[in-house]
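Participant: What follows is each chain in one-letter form.
Protein chains: 2
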Amino acid sequence: MKYKKINIGIVGLGQIGSRLYREIIFKKRDIELKTSTRVNILAISAKNSNKKRDFNFKRKIFYKNPLHISKDPNIDIVFELIGYSDGISKKIIETALKNKKHVITANKALIAKHGDYLSLLAEKNKVNLEFEAAVGGGIPILRTIKDGLSTNKINKVVGILNGTCNYILSQMETQNNSFSNVLKRAQRLGYAEPRDPILDLNGYDTLAKVRILSALSFNKKVSKNICLMNGIENIELEDIEMAKKLNFRIKLLGITEIIDGMLFERVHPCLVKKDTYIANINGVMNAVILNGDPVGESVLQGEGAGPGPTSSALMSDLLSILRGNIKYPFGTPFNKRKKIKPYDSKFYLNSLYLRIEVKDIPGVLSSITKVFAKNKISIKNLIQKPDKKNKKASIIIITHENYEKNYKNLLLNLSKNKFLIKKPTFIRIEKV
Amino acid sequence: MKYKKINIGIVGLGQIGSRLYREIIFKKRDIELKTSTRVNILAISAKNSNKKRDFNFKRKIFYKNPLHISKDPNIDIVFELIGYSDGISKKIIETALKNKKHVITANKALIAKHGDYLSLLAEKNKVNLEFEAAVGGGIPILRTIKDGLSTNKINKVVGILNGTCNYILSQMETQNNSFSNVLKRAQRLGYAEPRDPILDLNGYDTLAKVRILSALSFNKKVSKNICLMNGIENIELEDIEMAKKLNFRIKLLGITEIIDGMLFERVHPCLVKKDTYIANINGVMNAVILNGDPVGESVLQGEGAGPGPTSSALMSDLLSILRGNIKYPFGTPFNKRKKIKPYDSKFYLNSLYLRIEVKDIPGVLSSITKVFAKNKISIKNLIQKPDKKNKKASIIIITHENYEKNYKNLLLNLSKNKFLIKKPTFIRIEKV
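These protein sequence lines map, in sequence, to chains B and E.
Following our numbering, the numbering of the first sequence begins with 1 at its first residue and continues without gaps.
Following our numbering, the numbering of the second sequence begins with 1001 at its first residue and continues without gaps.
Be aware that one or more of the hints could be misleading.
[To be verified] Pairs of lysine-lysine residues, derived as DSSO-like cross-links and limited to a Cα-Cα distance of at most 30 Å, are as follows:
1) B:K338 - B:K273
2) E:K1002 - B:K220
3) E:K1423 - E:K1359
4) B:K244 - E:K1245
5) B:K338 - E:K1028
6) E:K1002 - B:K153
7) B:K273 - E:K1274
8) E:K1274 - B:K431
9) E:K1244 - B:K244
10) E:K1060 - E:K1002
11) E:K1005 - E:K1113
12) B:K224 - B:K98
13) E:K1028 - B:K339
14) E:K1224 - E:K1091
15) B:K376 - B:K338
16) E:K1005 - B:K153
17) B:K339 - E:K1004
18) B:K4 - E:K1124
19) E:K1124 - B:K126
20) E:K1004 - B:K221
21) B:K244 - E:K1431
22) E:K1126 - B:K124
23) B:K224 - B:K405
24) E:K1220 - B:K5
25) B:K60 - B:K91
26) B:K156 - E:K1090
27) B:K4 - E:K1220
28) E:K1028 - E:K1047
29) E:K1153 - B:K58
30) E:K1028 - B:K221
31) B:K245 - E:K1273
32) E:K1005 - B:K338
33) E:K1126 - B:K2
34) E:K1004 - B:K153
35) E:K1408 - B:K5
36) E:K1273 - B:K5
37) B:K4 - E:K1221
[Said to hold, decoys possible] Some chain E residues flagged as far from chain B (calculated, every beta-carbon gap over 12 Å):
38) P1197
39) S1345
40) K1370
Bear in mind the hints are in silico, worked out from the structure with no lab data behind them.
Even for Gly, the Cβ is constructed at its ideal location relative to N, Cα and C.
Model the full assembly from the supplied sequences, consistent with the hints where possible.
Facilitator: Below is the structure:
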């Protein structure tokens, strides 16, 4: 049998890059079988060439300047695994595409920011730009949308897209432990960034993934809209417990949907009924629910992060390229992907869970409920939990459905209320 | 923009074929966008040309003899949607492949039986043979194994692969209704064959799908092994209720795995813990759980049957071909796919649930338990439910783990027991 020969360059040799390196070596024979192609890692680059790694390589394949890999005429495919949303990561990809090299990356922040520009560059140069690993880790969700459900009209995608947040919320419930303690454990276990976990926790990471999912699902440009984005930083054990009592569970969801022809993308913690599918995705797992016509509802679930699932996704990109499967990075040509008007979130109708910490003195309840009445928001449930020792109380309120804009005013008015000890915590109730 | 032109022939215009016909017309523009190809339905064929259909077509595209479509030099892609495991279905596909036409089919029985031969034929003629719709309906499970998880080493696949059975079992539980009543309803709703539903109910349909999944997951030939295969025909409402009390749910599972380098394929009803993922797939839904390395556990869930999901899968096959994605039908070339020795099911270790209907007279229990002791099968739980009015009793037994071969002897010995009113019902307890 005659094999094609393909040379690979890998930029970035952290956990993911190292695992990928070993995976390519280990699966060489398998790749030959499935694609009649012999792959060869011809170049690698990382910050530090002398760092101890769990694999051996010939010194001559190590490049100090990663851009030289993007320009090397012997290289056919470049893996970008550094992960910045701009800077050197963008430069590496840009240069590689311009030099007619296929690019594979796991970089969601960069694809969410520059995906349109880079996809155009890939299309012009007739090479692939693949980023399966950017969303959902081991779940082949992008390929499923592009290939498996290719002609479906998708109208809504809901996902648990950040394993760190899901792990923290799950652990708070099962271990009955505080946010900060669980976060510390997540950091020890490598699920959360040790120094600055904020991009995971505040919803930013999920939003980047939502933007990529939207572009693929609705055949449109990657949106730059300002979106509803709340993280899990303010969720306390008390909310977890209260949700449980009310037969809910708290999940950080990324949601994108088309409402009246407009695009509504958002990321925020949600109260979801305990017996729903999404409520039962626990730990570091990711899950995506798609609604399409004619397929109906499709659900995909799998490990969301870590070297194993991520390298599985990177390898699927590699094999797709080796099979000669040259495709538009977002499934549809750049100039056919429309811009869609954003849906104004202030018209979003939902119920809200609020936890309001107040001083435990007479007149509080009437003062608080008056604020609700003034904003024409009617209360469905109200639970008062006094904490006599600390002379405070928690007021938990579930509202009847109302508009986002009215809640905004409500929260503003509440925060001015003199009985409040701190800003209220609010979580949207989501029917999924 | 310059478009390629591709001509399509559709053989079989039942529910699926008709929906596909309309879907292709309706999505023409979308297909052009995504593949730069203009598709044209140039030929159709069905048993009856005069039947009233929900779409219009020019008489001249109707072929009396479907084999003429397979031979027509103007046709590029043939859809086989008749569904026989042999005969005309096989002939249509064979002829089309030999004439260098791509073939798309939803025919699991045929692929399970002749998949190896036909894939070789496709490979030789450098055309595609695609059958995504054969397994899991709207779940793009074959594409996920072939592409999304392409270099993973998969070691186990567990699935709910027959929507009819799952619907019946779910409805028996939720509606508290008998097997035969629920079956009748399933037939009225079009979920079960009106005349002969046995191929759905006895596990045969699921086994065909399991064989296809094995071939793809383990890069091997389609097995012809005799497998453990039991259907749901003997499950009664009493089993459903008893399972519920014992914190289980009954599901018909298709399972394939590699044990000590040998292939173990089986289909049978299983008692699965109520809080597991698979236990909570209800109604006509299908679900597949894959275990792979490095990806970990992946779960896919979606509608398993019906014109919508099936045509979604057929369309994904079409687009894959239009993108020029010529691939080995089973992901790996024919001659590289090994035969794997079958695992001998008699060494399979599991616990069993048994319901034994006996005459309610003294000495029964000791006589029955003696049979267990003689076969060295120890009992974990025993529940006796007398039915005084009919002078009978049900004995429900959960065993400790034991070998399949010992259960075989047990069942043989039990059926000879003079107190038994009918053959015992047994369901394997499955840890998933």
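Participant: Does K338 (chain B) sit within 30 Å of K1005 (chain E), going by the straight-line distance between their CA atoms?
Facilitator: holds, 25 Å
Participant: For K338 (chain B) and K1028 (chain E), compute the direct alpha-carbon distance and say whether it is at most 30 Å.
Facilitator: holds, 18 Å
Participant: Please verify whether K1224 (chain E) and K1091 (chain E) have alpha carbons no more than 30 Å apart.
Facilitator: holds, 21 Å
Participant: For the pair supplied as a hint, K245 (chain B) and K1273 (chain E), confirm whether the alpha-carbon distance does not exceed 30 Å.
Facilitator: holds, 24 Å
Participant: Next pair to validate is K1220 (chain E) with K5 (chain B); report whether the Cα-Cα distance is within 30 Å.
Facilitator: holds, 26 Å
Participant: Are K1153 (chain E) and K58 (chain B) close enough, with their CA atoms no more than 30 Å apart?
Facilitator: It holds: about 28 Å lies between the C-alpha atoms, which stays within 30 Å.
Participant: Is the Cα-Cα distance between K1028 (chain E) and K339 (chain B) 30 Å or less?
Facilitator: holds, 22 Å
Participant: Taken at face value, is the distance from the CA of K1431 (chain E) to the CA of K244 (chain B) at most 30 Å?
Facilitator: The given pair, whose Cα atoms are some 27 Å apart, holds under the 30 Å limit.
Participant: Sort out whether K2 (chain B) lies within 30 Å of K1126 (chain E), counting only the CA atoms.
Facilitator: Status holds; Cα separation ~16 Å.
Participant: Does the structure keep K1126 (chain E) and K124 (chain B) at a Cα separation of 30 Å or less?
Facilitator: Holds, because 29 Å separates the two Cα atoms, which is no more than 30 Å.
Participant: Can the restraint linking K1028 (chain E) and K221 (chain B) be considered satisfied, given a maximum Cα separation of 30 Å?
Facilitator: holds, 22 Å
Participant: Does the claim that S1345 (chain E) lies off the interface hold, with its Cβ farther than 12 Å from every Cβ of chain B?
Facilitator: holds, 29 Å
Consistency note: the structure conflicts with the earlier hints numbered 1, 11, 15, 26, 35 and 36.
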